[in-house]
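Take a look at the letters that make up each chain.
2 protein chains.
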Amino acid sequence: MMKDVLENVMIDKVARNFLQSPQKRNKIHEADAELIDTGNGSDKYLAVTTDALVEEVETRLYDDPFLIGWMLAMANFSDLAAVGAEPLGLLLSLSFPSSQDERFIAKLAEGISAACQRLNTFVLGGDTNQGRELFLSGCAVGLVPKESAVSRMGARPGDKLYLTGPAGLGNIYAFLKLSGKDKLLKGSFYQPVARTEEAKIVREFAGCCMDTSDGVIHTLDTLMRLNRCGFVISSDWDRILHSIAQQVCRDQTIPPWLVLAAVHGEFELCLTINPRNESAFLRAAANAGWNPVLIGEVTTGMSVSIKTPDRIVPLDTGQIRNLSSTMGSEPERYVRELFDVARKAGI
Amino acid sequence: MMKDVLENVMIDKVARNFLQSPQKRNKIHEADAELIDTGNGSDKYLAVTTDALVEEVETRLYDDPFLIGWMLAMANFSDLAAVGAEPLGLLLSLSFPSSQDERFIAKLAEGISAACQRLNTFVLGGDTNQGRELFLSGCAVGLVPKESAVSRMGARPGDKLYLTGPAGLGNIYAFLKLSGKDKLLKGSFYQPVARTEEAKIVREFAGCCMDTSDGVIHTLDTLMRLNRCGFVISSDWDRILHSIAQQVCRDQTIPPWLVLAAVHGEFELCLTINPRNESAFLRAAANAGWNPVLIGEVTTGMSVSIKTPDRIVPLDTGQIRNLSSTMGSEPERYVRELFDVARKAGI
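Taken in sequence, the protein lines are chains B and G.
Sequential numbering of the first sequence, starting at 1159, is according to this note's numbering.
Sequential numbering of the second sequence, starting at 1159, is according to this note's numbering.
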């Protein structure tokens, strides 16, 4: 099932013949970060993950070096948060062309540093190279108590589906930026913070968890394939979408659900909660001054649907995901195709 | 002092404003891998490192995908070995152009897998992207008992200077490959193995340790600057250089010491041993069926010299290192300049 998604084909092509470590607690695709039992009587797993910014920089979706640095760090820390891990820090693997502007490098480092400080964590080290192209990769390490580690596995029909916060800012940012409408952006509304703090509560209650780095629908498509379950999303957009996303959808006549469907996410955590644990979860969140956003529920059958006031509309999430793999480098065509999907689905 | 070396200028430019983690046990530049105290009562440090193959691939120094994969893994594991750490595994951050040949990817993965199996370790996970250029980065994690962790700090005048094995294959490989004389290569004589096993003995006895990934002279230059000490290298090339390196030096009339001076190393460990511990170190090595190679000793005064039968020749190692930073992308000019340095030094 995972192989029906083009981006997984590449991963499997590389990983096909790799032996699995007996110390690794998750299988391939089954967690945002790898969970390693380091032995030695530790009551925590080591969580490790790596993430590079490639398409986002090449398409100039990110062109502000501070934002690039911030996102490089946050994307990695978000993967740690999704397994419940608290960061020990970040390693950087950076390659700059010899012509690279010094101010760019300084601002990039500033963004990385600011992101680490925001989460009370650190750059631990790294490797810098000179190469033909700019290349930016990170690797985050962290720890999670063994008994609270979460993965993408564990969604059960009947579970409630939550986000750590309202969705849609990632795709709104991308839409405005890539369609040259970024004059409409007031200040830097897109500067996501990995949900490291919320993760400490999430890991105590969630069935499964995955971040929305590639958008909510992409996340649900993955969770559907792994857990062989379905999801029904509410169309209560006032509650589910960030107020800026709602505003831009109105102004630009974008069908609201498309800001869940496109591939540039907002780095919220998406999690399932057994109804038995729901009130305790919400109480713990409220005590921490945090409001999780209920967006739907887990169902039997493998599909992702949107529940409108009068019907339930199934989405072809495989097709939606593969649009981003085949057209990710042609943003205008990608957006056109997404609008087409919305028109055909009638929502 | 570290800032007199061009490659460190870039690192410092990026790292200038990063806060240091209170859990990190080494300062910047002072260890091949970062040593992290994870707390929690563990008697081991977490060791983490990241290394990308950029110049080696762009210059086509490595063009066999199996070797590229092998080196990507081994370069990272070698950094772990240099702090005494045993690997938990490797993360991969890979970016391929959409046109990338499938056979290339399969062979690359084979090389990575073979290197991991050679060291009884594993690929733990990774991130694959599609980008304009091929980009290959790794990140290795491991553990080292706290009381035996080693770093680049700790060389003392009077210490003996050892390598884990004879030197020179890295630069001989590079010389033949880049000068188009690789028809002289019989089979794959360059496929270094990180000294993970030897490191378990090294860490019990060494004052300081650093791998020779950038060649022996580059390593000694770094150790000199960090420890504010000097090194005198013996010119007993029959013992110090690998037999293939000796043979090629004779056939191609290369001054033997240049295979220590150029920037493509052999991934041995370079370490210092207090004379008091030398016999115990050699006994432990012999019991493990391993012969460390004595190459010189640590002196007062900050210089790296070669001791010939009739004199001691000081080397301008800063100049030698900076040649590789400024001309690394023009191999022919780089080799010419190195021969020039040898002629002027008269050795």
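FYI, nobody ran anything at the bench for these hints, they're computed from the structure.
Mixed in with the good hints there might be a few duds.
Which copy? The list can't say, so a pair holds if one copy fits it or any two copies do.
For lysine-lysine, the following BS3-like pairs were computed, each having C-alpha atoms within a straight-line distance of at most 27 Å [stated by the list, open to error]:
id, residue 1, residue 2
1, K1171, K1465
2, K1339, K1502
3, K1265, K1185
4, K1341, K1171
5, K1171, K1344
6, K1318, K1465
7, K1318, K1344
8, K1171, K1265
9, K1304, K1318
10, K1185, K1335
11, K1265, K1465
12, K1341, K1185
13, K1318, K1335
14, K1335, K1502
15, K1502, K1465
16, K1304, K1335
17, K1465, K1358
18, K1304, K1465
19, K1318, K1171
When no copy is named, should K1265 and K1465 be tagged within, between, both, or neither for a Cα gap of at most 27 Å? neither (44 Å within a copy, 47 Å between copies)
Within a copy, between copies, both or neither: which one fits K1171 and K1344 at a CA-CA cutoff of 27 Å? neither (43 Å within a copy, 31 Å between copies)
Go through the copies and call it for K1341 and K1185: within, between, both or neither, with a Cα cutoff of 27 Å. Cα proximity of K1341 and K1185: none, with 44 Å in one copy and 44 Å across.
Can you give me the call for K1318 and K1171, within, between, both or neither, at a CA distance of at most 27 Å? For K1318 and K1171, the Cα distance exceeds 27 Å both inside one copy (35 Å) and across copies (48 Å).
With 27 Å as the alpha-carbon cut-off, assign the pair K1171 and K1465 to within, between, both or neither. neither (37 Å within a copy, 52 Å between copies)
Intra/inter-copy verdict for K1304 and K1318 if alpha-carbon distance must be at most 27 Å: within (24 Å within a copy, 45 Å between copies)
At most 27 Å between alpha carbons: which applies to K1304 and K1335, within, between, both or neither? neither (41 Å within a copy, 49 Å between copies)
When no copy is named, should K1171 and K1265 be tagged within, between, both, or neither for a Cα gap of at most 27 Å? between (36 Å within a copy, 11 Å between copies)
At most 27 Å between C-alpha atoms: does K1339 with K1502 qualify within a copy, between copies, both, or neither? within (26 Å within a copy, 62 Å between copies)
Evaluate K1318 and K1335 at a C-alpha cut-off of 27 Å and name the case that applies: within, between, both or neither. Neither, since 34 Å and 60 Å both go past 27 Å.
Classify it for me, K1465 with K1358: is the Cα-Cα distance of at most 27 Å met within a copy, between copies, both or neither? neither (31 Å within a copy, 60 Å between copies)
Give the relationship of K1502 and K1465 under a CA distance limit of 27 Å: within one copy only, between copies only, both, or neither. So K1502 and K1465 pass the 27 Å test inside one copy only (16 Å; across, 80 Å).
Hint check: violations occur at hints 1, 4, 5, 7, 10, 11, 12, 13, 16, 17, 18 and 19; the rest are consistent with the structure.
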